[in-house]
Every structure is written in C-alpha cells, then in structure tokens.
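Peer 1: Sequence:
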Amino acid sequence: MRSFASYISKHLASFVAFILILLFLNTVVYSLTFQKIMTEDYRNSSPQSMLEMTADAATPEQLSDNMIQKLRQNHIWAIYLNANGQSYWSVDLPDEVPESYTIQDVALFSKGYIEDYPVFVWNTNDGLLVLGYPKDSYTKLTSNYYSIAALRRLPIFVLGMLGLDVLCLFCAYYFSKRKIIRNIEPIVSAVETLGDGKPVSVCISGELSKIANSVNKASSILNRQNEARANWISGVSHDIRTPLSMIMGYANRIAENESANKTIRDQAEIVQKQSVKIKELVQDLNLVSQLEYEMQPLHKEVVRLSKLLRSYVADLLNTGISDSYIIGIQIDPDAENAVLECDARLISRAVNNLVQNSMTHNPLGCRILLSLSQTKNIPQLIVQDDGVGLSEKKLQELKEKPHYLEGTNERLDLRHGLGLVLVRQIVAAHGGTMTIDSKINCGCKITLIFSSTDSIQNLT
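In the numbering used here, the protein residues as written are 2 to 461.
Everything labelled a hint here was simulated from the structure, so no lab data went into it.
Keep in mind that the hints are not guaranteed to be accurate.
[Unchecked claim] Cut-off 27 Å, straight-line C-alpha distance, at most; resulting in silico cross-link-like pairs (DSS-like, lysine-lysine):
1) Lys-395 to Lys-278
2) Lys-263 to Lys-280
3) Lys-71 to Lys-180
Since we're looking at a predicted model, the values are computed, not measured.
Sequences are here, hints too, so could you generate the full structure?
Peer 2: Printed below as a string of structure tokens:
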C-alpha cells in the first residue's frame, strides 16, 4: 500500500509542478504580449515623461523645435495657457479644440478629456501646459490612465491564455491518466485473472513493482495450492481404485455364488452397485479437478454431433436400462450435418451425466429427450425430462454456486451438484455455455450451447 501511495503522491507532485510551470509561462507570455505597450506608454513616450520634457522645453514665447518634432512623432498636440486661460501658443491644435478656457473648463478637462481627446496637464510657473493624445490612445480615470490598446488586447489575451491553460491541463490530465492506466492495467488484469484461479506473472518496474511482486507471490502461492489440491485428489483417486476394485470383485463373486444365502447375495449386489457409484464419483471428481486447473488435455477432433448422440443412445439402450425410462432423440434437419471440433469422449461424458441425473432424480421413471438444433451455425444440445424438476431455491443455488463438495449425500447418490459441475466444466473447456431451466413437477431442461468460434461448420 505504501508503494501505491508513493506512486499517487509522485503524480500529484508532478501535477502541482506542471501548474506552477504553467503559471510561469502565463507570466512570460503576458510580458511578451504587453511589453511594447508598456515600453511606449510608461517610459520615454509616456504622458508623464512627455509632460516633463515639454515643460522643460517650453517658454511663454515658444516651444523648442526639437520638442515640437518629438510631439509630432507621437501624434500629440499641445497648448500653453496663461493664468487667464488664454493661449501662449499651440502645436497642431485640432480645429474643434478651443484656444481659451475658463477656470471651470480647466477644472473639467484637467482630469479627463477635451472634445474626446485624452489630455494631460502640467502646472508651470508661467501657466498650464496641456498635451492632447489621439482619441483612441488612452482612457482616463480620475486617478490614473490606461492604454486603450492594452485594454482592447486584454480580453483576447485572457481568453487565449485561459483556453491555452485549459488545453494544457487537459493534455496533462489525459497523458497522466494514460500513464497511470498503462502502469495499473497489467496489475488489474492480473488480479482479475487471479480471481479466475489462473496463474499470472506481472513484470512492472518503478513504484508499482512491489505491488506486482505481491501479485506474483499470491499467484505462486495459489498455484502451488491448486497443484497440491489437484495432486491430492488425483492421488486419492488412484489410491481408491485398488481397494475399490477388490471390493467390486469380491462383491461380484458373492453375488454370483449360488451357494450363498440369498440375503447375502442381495447385499453383495448392493455393495457392488454402490461401489460402481463410488468409482464414477471419484472419476468425476478427478476430471472436474483436472478441468478446473486446466490439467486435462483435450483430444479434439471434428465430430458430427448427430452421430455422437445416436451412438450414445444406442449404447445406453444396450446396457439394459429400466423400462420405466423412455429415451428419445430429436435432431433438426438443419443440425443433421452440424459438426464441432471437440473431445468426443468428454462431450459424451457430459451428455451421460445429464441423462444419469435425470434417471437418478426420477426413480419412478420419466421421459428423457435428447435434441440437437442449430441457429446461425451455433449448435444447441438439449437434455430434458418430464420428471419431478427442481425447486426455485435449488435452481438458484445451481446457477450461483454449484460445487462438487455438495455432490453426494449419505447414500452416495449423485445429486445435481458434481454431475452438473462436470458438465459445466466440459462445456466451458470447449468455449460453450450451459443453461438450466426447471420447475417443480415440470421436469428439467439443460441446454448446452457451443459458440461459433469453436471451429463449427456444416458437412456438405
């Protein structure tokens, strides 16, 4: 957790540093944008400087030629008034500007304008010096003056810089997010894969390397546990086979011994049947474990599903099942030539488990229908019966958490648990899905759907 906090802190610090750099760049751009205006308006050509230079070069009789030239270069007009408001002289005075003023006029224009010309005044010993600037050059307030050009440029500057800042912040956010996702995504993906029980290996350098190492360590531990669990199940299954074979052999000999008591022979037959159930249960448990941890190699071949179903039903009928079970098969014409690249042995095992489930849970007999259809090159294999069905609670349990540890009861009867888990694992190993539909006294319908990505085609 510390490494992740350090990683986030580093990115926050980088973002703060980026904002500071952005503010510095704004200041630089502002300086470059308004440098010329500031230089012109607040240095040698500023109204304050021009007033001082003009006052130094002015007398009641005249103004120096050099100063007149400088005023004209800056498009400034001038007038020098005496104490009575009359003009000593003027330079480039506009026609609409009067040459004489009353004391009230002086009070008005000294802080503002004369005929919309911004004017600036300087009081001398001989009178009042007035400098007038072009109408669109300055705007005046009671206490200061501002460049109209600067004020006109200011909104454009503010909007432009604001847009640029937003763009820069968005780019910083976007690339920072991409970098974070690029670094975190392998870990998230590895955790999701780890959640599916599959081993992972994450290689990340930098601040998140410790988290990656923790994920790899957890994966290694789970992998060892899964291997130990699978090996233990496989070992137990192997160890059971020998004594179970002996039990089945002796039970069979006793059951076939005509000299033995009938009760003993019946009990031996029961032992033999239950031993077969134990054998099948151990085989299913071992196969589920191997499929769950992907230790079961699939021997895939192109199989015509209609042929597989017919062969299975024929073999099932040849075993001599009870007459209380009616086995039917229905194959749609469109699915007659449907083939699937699969492990035929496992698919047959899945179908057999579904049929045996129907028979086990309907001891009084039922109809069992095996049907095959195909929609858009996606075959659907359905096993359904008209027996007792399942309750809503049990059906929900099977959909949410089917687990083979709940697969047997005290009589070793295979329930809707391990058998369906095995079927689900087999179908999943072939890239398909399994759905269950059942109601009390309305039978049970289980559909196996194999996606079109599993090398499915039609024989021609």
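Peer 1: Are there hints from earlier that the structure breaks, and if so, what are their numbers?
Peer 2: 3
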